[in-house]
Amino acid sequence: MISQKAKYALRALVVLARADAEKALFISDIAEEQNIPKKFLEQILLDLKHQGIVMSRRGKMGGYLLLKPAEEITFGEVLRLIDGPIAPLPCLSKIAYRRCEDCQDEATCEIRHVFNEVANVTRAVLDKTTIADCLIYGANAKVAELLDS
0 MISQKAKYAL RALVVLARAD AEKALFISDI AEEQNIPKKF LEQILLDLKH
50 QGIVMSRRGK MGGYLLLKPA EEITFGEVLR LIDGPIAPLP CLSKIAYRRC
100 EDCQDEATCE IRHVFNEVAN VTRAVLDKTT IADCLIYGAN AKVAELLDS
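Residue 10 in numbering that gives the first Met the number 0 sits at position 11 of the sequence shown, with consecutive numbering throughout.
Incorrect hints may appear among the rest.
[Said to hold, decoys possible] Simulated restraints, written as ranges between beta carbons of each label pair:
no.: 1; residue 1: Met60; residue 2: Ala95; range: 36 to 42 Å
no.: 2; residue 1: Ser92; residue 2: Gly61; range: 36 to 42 Å
no.: 3; residue 1: Gln33; residue 2: Asp82; range: 41 to 47 Å
Calculated directly from the structure, the hints in this document are not laboratory data.
Beta carbons: idealized from backbone N, C-alpha and C, even for Gly.
Hey, can you work out the whole structure from these sequences and the hints?
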């Protein structure tokens, strides 16, 4: 399950992607529109800023904008930044591999084999689906299209 923080991050990025590319949005406006606690959203946008996904402007015309194009921001990237590895088992993580303590042999572990398929399909969908896809197709249509391919 993804965290509430990751859901808020994705929702905020979709709002920023919908906005005029030159117009910065205030945190308070995004928070109100998406019903996200303002202080929590500040932390999230700061994390995304440090990772080069969004930028901030100061002053009267200040606020947040996308730094990367929405077509280049994948759900997988955002989830990894906010929640860490996308893996149902530690032995399947690409970036934080850990052998399962109770596993005798990864090569013959039936549970690992099933969840490896789940992880691969999940990663494929998340790494192909961009913030821009939510604007063009709606998330459900894009996910259905990716699952059919």
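Verification of the supplied hints:
1. Met60 to Ala95: 36 to 42 Å: holds (40 Å)
2. Ser92 to Gly61: 36 to 42 Å: Check passed, 38 Å falls within 36 to 42 Å.
3. Gln33 to Asp82: 41 to 47 Å: violated (18 Å)
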